[in-house]
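Protein chains: 2
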Amino acid sequence: MPKAPASRQCRLRCLVNGELRSDIDILDRGLAYGDGLFETIAVRCGRPCCWLDHLDRLALGAARLRLPLPSPARLQAEARQLLEGIEVGSLKIMLTRGPSARGYRPPPQPQPTRILLVDGPPEDQGRGRDWADIAADRRAEQGVCVRLCDTRLGINPQLAGLKHLNRLEQVLARSEWSEPAIAEGLMLDAEGTLVCGTMSNLFLITAEGLQTPMIDRCGVAGTARSMTLRLAREAGLRVQERRLTLDDLVKAQGAFLTNALIGVWPIRSFAGRDFELSLLPWPLIERARTRLLQPESLW
Amino acid sequence: MPKAPASRQCRLRCLVNGELRSDIDILDRGLAYGDGLFETIAVRCGRPCCWLDHLDRLALGAARLRLPLPSPARLQAEARQLLEGIEVGSLKIMLTRGPSARGYRPPPQPQPTRILLVDGPPEDQGRGRDWADIAADRRAEQGVCVRLCDTRLGINPQLAGLKHLNRLEQVLARSEWSEPAIAEGLMLDAEGTLVCGTMSNLFLITAEGLQTPMIDRCGVAGTARSMTLRLAREAGLRVQERRLTLDDLVKAQGAFLTNALIGVWPIRSFAGRDFELSLLPWPLIERARTRLLQPESLW
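From first to last, the protein sequence lines stand for chains A and B. Just so we're aligned, residue 1 is where the first sequence starts under the numbering used here, counting upward by one. Just so we're aligned, residue 1001 is where the second sequence starts under the numbering used here, counting upward by one.
The set of hints was computed from the structure by calculation and includes no laboratory data. Be aware that a few hints might be false.
Claimed, not checked - Just the calculated beta-carbon pair ranges, DEER-fashion:
#1 B:ASP1056 to A:LEU148: 29 to 39 Å
#2 B:TRP1177 to A:GLN253: 30 to 40 Å
#3 B:TRP1177 to A:PRO68: 34 to 44 Å
#4 A:LEU298 to B:ASP1056: 55 to 65 Å
#5 B:ARG1230 to A:ASP216: 18 to 28 Å
#6 A:ALA271 to B:LEU1020: 45 to 55 Å
#7 A:ALA181 to B:PRO1107: 43 to 53 Å
We treat Cβ as the ideally placed atom computed from N, Cα and C, and that holds for glycine.
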């Protein structure tokens, strides 16, 4: 077994191509070029939430990047193995194009690397606010404060929507603030269009109904975003995916963020503008939260 | 020692934070987010070429990404250790923000991962055309055929110029063709401006002098590009960094590509347009090639 700090060794559970280990080949193209995809999945009662939605998105991404996809049965078996005894936490899946010789050109017959990694609950409250807050659901009830990031998203339709491993824009955006009171930062694209949060998708409540930015030029096709859109349509709400601006946000009646791990966070304030949480479509939000953080039943 | 296929184990020499190994921690942010930088350095006579230029660029990139930089002396000592007995090859340096807990936010005190990796000469001609061609310098003499890639570069001034680990655009572009006769693909940015090759920078010979695309919105600040610009200015040539289009290329008297491993490749043909190689500034090209592939003297 590879070396790892003791604190990590006891907390991490990881399978790399089915083998219990916590390292990968230095020649892996996931490291060299970010040539791969990932999923971050909420775990409740020892089961993943929205498992099939995540598998679907992984399959779509793999098709677009021409990555060979592991069988769903194998992924499920490995996830089961890792989740044994975990009540609350997260499961991360990474799928890379595997190791290759030097050069951008993908190998004609890639041997992909599949990584499943379970992050359990925090050992103490000090470790991370996020987990504690998820458990208490305080942010979901009281809403969050968000800021605008200076870092912008480059426009690239070929990569738009994918949850790929090229995430420097998000890293730079997230490094812009450290105040715990700010839960998320919103990002514009290179042309100034409002797209998403660093780790979440955005929804606005407007006089014309529920609106969310298009993700055809940049941004991630969040599984929580898709679920929320689906539930909103089922509920008969008017829903639009469109190009939005900061002005649309400021003029909106309300807004919320979605993410597979957090569920839904209403926005309480943004850049000096306070939002009246009572104007939000709470039945939709409650339903989305429940569905997003509901353990997979067929598991 | 970690497991690796026998064929790789005997060819690869690798140091991770000074330790001889060929794997990294699964939690490394280089893998998770491409949160890091790299350098690819030509090796001749057991010594790196343009070592100080590469160290300078690494330092600039590290400052922009706020990555702690290893000392030049340490990098040099480790490079020496790995290059022992290597005559011709390449040395790759990767510097990542190291392992961290889940989330885009950089750790306040990152423990960066530094990777040095030597790729020796090919074991046989079949392994890779590139090495054989570098050795014979045929492409440098006879020029190369290049194509236009459909994959475009997203515009992001914050990342522009950096040789960071987010390289999916280059991977997709390089996967567009497999004909050995095509040596490189040229890339436009999202707005249709001509920027670079998938792994090289571009220079045009025009009536107004030597021109190369600006790299303030996307593209990489190649060490070979900087060297070529410096040598051209020293030689009294008129040199411009500007926004270029495909039309500028088609109308140019000639064009060439630069890259730290290949040196200089004249473009013989592009999309049906043949270039007259005799119109190229051969004294500059020869001088750049010599300097780029000259082993560091103070080593």
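Consistency of the hints with the structure:
Roughly 34 Å separates the CB atoms of ASP1056 of chain B and LEU148 of chain A, a value that falls within the hinted 29 to 39 Å. Between TRP1177 of chain B and GLN253 of chain A the CB atoms are about 51 Å apart, so this pair departs from the stated range of 30 to 40 Å. Hint check: TRP1177 of chain B to PRO68 of chain A, Cβ distance near 21 Å, so the stated range 34 to 44 Å is violated. Checked against the given bound of 55 to 65 Å, the beta carbons of LEU298 of chain A and ASP1056 of chain B, roughly 57 Å apart, stay inside it.
The beta-carbon spacing between ARG1230 of chain B and ASP216 of chain A, approximately 42 Å, falls outside the hinted interval of 18 to 28 Å. Taken as a hint, the range 45 to 55 Å holds for the pair ALA271 of chain A and LEU1020 of chain B, whose Cβ atoms sit roughly 51 Å apart. Checked against the hint of 43 to 53 Å, the C-beta distance between ALA181 of chain A and PRO1107 of chain B comes to roughly 20 Å, which is inconsistent with it.
In summary, the structure is inconsistent with hints 2, 3, 5, 7 from the numbered list given earlier, while agreeing with the others.
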